[in-house]
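Engineer: Chains A and B supply the protein sequences, listed in that same order. This note's numbering puts the first residue of the first sequence at 50, with every later residue one more than the last. This note's numbering puts the first residue of the second sequence at 10, with every later residue one more than the last.
Any given hint could be a false lead.
Unchecked claim - If the Cβ cut is set under 7 Å, some of the chain B residues that face chain A in the computed set are:
1) 111
2) 114
3) 116
4) 118
5) 119
6) 158
If you are wondering where the hints come from, they were derived from the structure by calculation, not from laboratory data. Ideal Cβ positions, reconstructed from N, Cα and C, are used throughout, including at glycine.
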Amino acid sequence: MDWKVKIKVMLKKSILDPQGQAVEDGLEALGYNNVSEVKVGKHLELSIEDVATEEELEEQVEEMCERLLANPVIEDYTFQVEEMEG
Amino acid sequence: MKFGVVTFPGSNCDQDCYHVAAEVLNKPTDMVWHKDKQDLSEYDCLILPGGFSYGDYLRTGAIARFSPIMESVIEYAEAGGLVIGICNGFQILLEAGLLPGAMKVNDSLKFVCDYTKLEVVNDDTPFTNRCNSGDILEIPVAHGEGNYHIDEEGLAELIANQQIVVRYLSEEENPNGSVDNIAGICNQERNVFGLMPHPERCSESILGNGSTDGYQIFASIVEYLSKRGEECGE
Chain A
50 MDWKVKIKVM LKKSILDPQG QAVEDGLEAL GYNNVSEVKV GKHLELSIED VATEEELEEQ
110 VEEMCERLLA NPVIEDYTFQ VEEMEG
Chain B
10 MKFGVVTFPG SNCDQDCYHV AAEVLNKPTD MVWHKDKQDL SEYDCLILPG GFSYGDYLRT
70 GAIARFSPIM ESVIEYAEAG GLVIGICNGF QILLEAGLLP GAMKVNDSLK FVCDYTKLEV
130 VNDDTPFTNR CNSGDILEIP VAHGEGNYHI DEEGLAELIA NQQIVVRYLS EEENPNGSVD
190 NIAGICNQER NVFGLMPHPE RCSESILGNG STDGYQIFAS IVEYLSKRGE ECGE
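Chain B on its own, in the form it takes in the complex (with noise of 0.2 Å):
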């Protein structure tokens, strides 16, 4: 079982990323460079991790998205690789179309950088397995752009066809005025998960805070590919 952490320039939470998948979770973890077009299909899993893509410039990921690996992770999310966007990662992922939506700036105007409450909203996707729907989870944000829109006839669809994961708790709970609280969705076939929070920040006791809900996130991933992996008989 092998993970993959994309580093564009101005990723910033990309070590975090590697960090849990190499030491918490012990598993082989490449970083993938953005500017190389490769072949990964060696990779069980890759992470889009947080950051200032190019600075940001435009739109948030919207240059990243041209970067030539993307190219790459584009064809590995349509065969069915499992991918996670963290912040950033999911405004690429947005960008590149392998998630509805868009991304605006917060309705407050202010960057959030505090701990959020989240009801796991779909316990069936590789992502979420570990939890049962209607669990909370506490996990940290820390964005300027995470107000999550989508048209009317979107968010209808994503909500029958459960692909909303997870929400903040309440509009009180909500930093940044989404659309229906959503702070992470997955695409139908539940490949692709994109969210706001960062569960790499809250994944072991000592980074403080008492939550380690991120963990959560990374082991279902795990167990996941682990059932996979034994249907495949590997």
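Bound-form chain A, shown alone (with noise of 0.2 Å):
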């Protein structure tokens, strides 16, 4: 089976993300006052092909942020997984 996977890595909530202060900075400089606790994080998208099940793909999924996509030190990160219409 193929699938489609979005991935979505933050920093963790412990983390201070300066990136995030500077765009709600931003956000309130061009006068809305109203929104707070932005955060950046990084979107990724990717087909797996050849999969059986989404619990084989969901450990794999898991297996690539932890080595490669995510930095577990001090990264979030959460999937979507979505079967590929044939």
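Two chains, each in its own frame: build the complex with the hints.
Structural biologist: Below is the structure:
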């Protein structure tokens, strides 16, 4: 089975995000005074071929996140999987 | 005594490091290419230079860490070989897990290129034995992501094991917002050292600004290796 995967990588909540802070300041400068808690992260999309079950797929995606796509020291990740229509 | 300078696509301080090892220290030095997994045991010290390996895509050092040579570097380090990672080299050592912690974007969000004052925190390492703890070294930095991070537990461990080798002198002097003003750390075994400042840029007086403090780092390596050689009867 073939799959589409969307991965979101964000700095851990406990870690200050200077980019998010800068974007928040920018929004405030534009007059949006009701915005807070801006976080900047990464969004990755990819296709994965020939994985039989969703369970197996999740295992592979988690492994890829742990090994390369996220740095577990400072980042958390979440992902969504979707079966590709044949 | 032989040095190896590991070159990745996007390294841009490799020739500076080569120059210091080969010309200033006057030691045999090879450039070591990233694509070749190889036996590195002929080297007494490996230098991972600064730059923007693989364009710093994804995270600094994240892709370089999986280049074939890094497998050899990890084996070399685990066998006790000396490794110094400068700037991007430090970032690669973190991603490779040879040193603890991770690098974030500078708090200022700006690329910083400036001289910084560092305090030698631990003079009992192969990289600082020519200094005394408390000495102040002036060494330049040039980076956008030097904001060293480690959690509280990890920091306590670094302090307890005396793994913090150099700190920016003060919070005002800290160019990136790193935890505890950390500029450079070593592993528990003391054979792997990573730092954001560039000692290779101030190892000769001709390079200006009056500081040759970077030379102390490289001369420490030579002194350490010479002593080790004598003990081994070489």
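Engineer: With a cut-off of 7 Å, does the beta carbon of residue 158 of chain B approach a beta carbon of chain A closely enough for the hint to hold?
Structural biologist: At about 6 Å, which falls below the 7 Å cut-off, the nearest Cβ of chain A leaves the hint on residue 158 of chain B intact, so it holds.
Engineer: Per the CB criterion, is residue 116 of chain B less than 7 Å away from chain A?
Structural biologist: Cβ of residue 116 of chain B sits 5 Å from chain A, so the hint holds.
Engineer: At a threshold of 7 Å, is the proposed contact between residue 114 of chain B and chain A supported by beta-carbon distances?
Structural biologist: Constraint on residue 114 of chain B satisfied, holds at 6 Å.
Engineer: Report holds or violated for the interface hint on residue 119 of chain B, using the least CB-CB distance to chain A and a cut-off of 7 Å.
Structural biologist: This hint is violated: residue 119 of chain B lies away from chain A, its Cβ roughly 10 Å from the closest one there, beyond 7 Å.
Engineer: Just to be careful: measuring from the Cβ of residue 118 of chain B to every Cβ in chain A, is the smallest value less than 7 Å?
Structural biologist: Hint on residue 118 of chain B: holds, closest Cβ of chain A at ~5 Å, below 7 Å.
Engineer: Double-check residue 111 of chain B for me: the hint is only fine if its C-beta lies closer than 7 Å to a C-beta in chain A.
Structural biologist: holds, 4 Å
Violated hint for the displayed structure: number 5, the only one.
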